[in-house]
Amino acid sequence: MGSLEAALAAFRYHPEEDVGGLIELPQSPLEPEPAARGEDVQLLAFALGSDEYAVPLTTVTEILRARRLTEIPRARPPLLGILNLRGTITPVYDPCVRLGRPTEPGPRAGPDAPPAARPVRILVLRTLLGPAGLWVDRVRGVQRVRPEHLERPPSGPTGGVMGVIRQGGGAPRTVVDPEWLLR
Amino acid sequence: MSPERPPAEFSSEATETAEALGRSLLLLEAGPEDADPELLNAVFRHAHSLKGLAGTFGQQRMAELAHAAEDLLDRLRLGKVRRTRTVLDLLLESVEVLRRLATDPTGPAREARALARKLSRRERTAQRQVEDPLDRLELPPDMRRVLTEFEEHRLRETLRKGALVWQVEVQYPLDTFDQELETLKARLHGVGELISTLPGPVAGSIDALAFLLLVGSGAGEEALRRAFAGSGARLRALGFRKARAEAGGLGVIEPPLEGGVAGQTLRVDIARLDGLIDAVGELRLIGEAIRSLSEARELSPRAWAAQLLREHRQLVRRLDILQESLLQARMVPLQQLFDRLQRLVRRMAREAGKDVVLEARGGEVQLDKRLVEELSDPLVHLVRNAIDHGVEPPGLREGRGKPRAGRLTLGAEQQGGRVVLALADDGGGVDWARVREVAVQRGLLDPATAEAQGERELQAILFHPGFSTAPAVSALSGRGVGLDVVKTNIAGLSGVIDVESREGEGTTFRITLPVTLATVRGLLVGVRGRVYALPLSSVLDIVAVEPRKPGHSEGQSTVSVRGRAVPILRLAEVFGLSGHPSPRESVVVLGVAERRLGVVVDSLHGQRDLVTQSLGPRLGPVPGISGAAEVGQHHTVLVLDVGALLEEALRGPALLPVSA
Amino acid sequence: MAASLTPDRPLELCAFWVGSAVYAIDVARVDEVLPRVVPLPVPGLPEHVEGVVHLQGATVPIVDLRRLLPAGTPPRTAKPKVVVAWLGRRRVGLRVDGLAGVQQFHEQDVAPPAQGEPGPVIGAVESREGPWRLLDVRALLRRAPA
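Residue numbers (the numbering used here), protein chains in the order written: chain A, -17 to 165; chain B, 5 to 664; chain C, 199 to 344.
Take the hints with a grain of salt, since some may be wrong.
Partial pick of chain C residues on the chain A-facing surface, computed with a CB cut under 8 Å [what the hints assert, rightly or not]:
{"no.": "1", "residue": "Asp224"}
{"no.": "2", "residue": "Glu305"}
{"no.": "3", "residue": "Gly317"}
{"no.": "4", "residue": "Gly321"}
Calculated directly from the structure, the hints in this document are not laboratory data. Yeah, the Cβ is synthetic: ideal placement off N, Cα and C, and Gly gets one too.
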């Protein structure tokens, strides 16, 4: 068999072709490799009520002060309203709904919306479907964490929760996957 | 390492057909110059069958050669090529090679390829008899691209009359350029014709605009210079390119159609430009006011601050208007693209030896310039497809009782936050049986279930990469890219494409695009403290409602407008808006086709030109809302979807409320 | 004449720009082409893997081919895309600088690779627009730094 021939045969696609060892993916994107390469994970930490959360820093494109949202009629939670960010319409959501925690009743858009509390911020996140905003009560800041300090859920990934960080004696911080949060 | 022999039945049939072709060619040669049309048709048919036969049995080289011969013969019988000695010799030589290929597919491989090339070159140089004089004019391709069909026509007329086309570079002051252009036209009367006004190559100064004019004139340089006397214009007559030698290149230079870097200029309506210049003028006035404020010593600090604030508000308002106008200037009507396609259709039809006419509608729909550019490639490809494969050759069409000329219809329609573009041909329709066949051949369909696949599944296959029903790659179908690339391009604009086909009647491709930028003249209305916009084109009437009397029933469901009962819809109720109704409500009567709907609103806030944006892919369709627009700083209003509201009034809420 | 047992066998290629060169893969590998994608970064993946995206429930890694093949400037008309390709029974997203087209060839059209071509390039064909280098994606990934 000529070498070109063999090469062409390998070049063509067969569903049964050998792909062993090509890309070892972690079990799921929510499960970082156990033997992680010692690279710190960068997070954007925020608070919802008295609970602490974080999202991967790379997904955050902007942090805005709370501003008046435009109401979408007949919208249901978790959609709070929309923002016009330099020409792009960006929907803003209430993360509490997806996380199953209590949230403020009442509109946050439209003329009946009360003015937001001073620490409230809108995190603009980048997702597969474009930008989306998260209404959070307070932003704590950027946190660097060593991968071994991220405790993964014992029974595997549980709905969007990438892990929990218990450090420095403070409240535990839940790290969530924005794609899941904004699905 | 012997190559596969083709099946016996192929060899015998192919040989027979090739011999029949040879015999009829000899008859043609022996006959008069003015050949019997029946004989010509017979020759063409033989070549055509041979091509089909070769294609079916996967005999690539034979199919290629037969295809080239068929094309040349088609042009021969349509009178587009003269029956010369050379043409006949080439054809007879091809028949020889085809005969040999019938039994020995790889034998005369090189000759077959060379012959095929010679045949197609022959066919192309023969084409130059119907050359477009405009192609030889030294017109830069990107200038050619922006010309309208009328301008091209005027240029052709100029050349036909033996006159010259002059390129004039001139600058006119901002304030008076429109008058200057009018004066120029008057001065040119009798001397020449101002055919085209284009942006100048070098940017003008702060106070002047640079133009590049195309002027047709047979009066000679002296007379023309006199017409431009005193304007500082630079004149240059456009020359002609030498005719290309018969070295086998294309005689026609086709300007590239992609947008890309070359297409960075924009043609803007003069009226729009005027509007922009006015806006800048007003900004200057505010600048003046602020300057004199700085010198006003008699005002108290408080009065001074108040005055400054007032000017600031004015400034912001003017800047908003300017920004909006500039955004709108980026909007170009689809007509530009349609015009380009018109020219392409003529050329492609000529090359394909078919008669095709393109009808376009909806050219006034405006889209962001970039979107229009991105649509160019996929539309060109679809048009090519329709001409190459959709529309049948004129002879076949007549045989089917259709008019000789194939008809392509291109239509654009704006529906709320979407634009739908449809390209329909009245050709033979998609051959679904053949699609099935090829799909099975290429392993895209399981032969066991192939029959069961309906049109929807087969549609998906049509757009699959690597699918093509052409047995041999057509010289005319361009770079061998398929419908899959069209689909990808459209997907890149967040759009979708689908196809509908009726056997024997034609095929329609439909592209639906969400439009992120579109202008709408809107009526702003207030409902319970919220402001919405209604497209003014759908507003028929505005009627005041009787002030509420205490105890007045809320149940009123129609209102009488000019003697006609119009059903009404209370937006506050439909949208579930809290708050109190205003004592002075209005009913905005909307109309779409025959249907009417009155929408009850609390207040009216005037008309604005709005640049609307789509709500984005996340939210999906929001019932009753077609998009959003910005009015003033940080104030976004929703644009109402009239059609949806009409439906809702008739049937009740159609979709579930929006959440995410 | 290339040494192939089946010279006439059709070979349909999908080609794309990586830098200033055009590479091609078997069109049967191509599942879809995405216009823009923002992968979710996952710690512990090699350099050339930008992250993953979820497509129809499956996790698809995105490989930046520009890190694995010689660089250069792509043509200005090219638009970056992600070609989702099948490797065995999994899909991988290949980030490229732009699509160059789909064209059918035959095995005999394949010329052996020139001297100095990187290993995973197994040959080249002459397309209407210029040379396309046949890329064995599996071989490319096998050699990539872990």
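Hints and how they fare:
1. Asp224: holds (5 Å)
2. Glu305: holds (6 Å)
3. Gly317: violated (10 Å)
4. Gly321: holds (6 Å)
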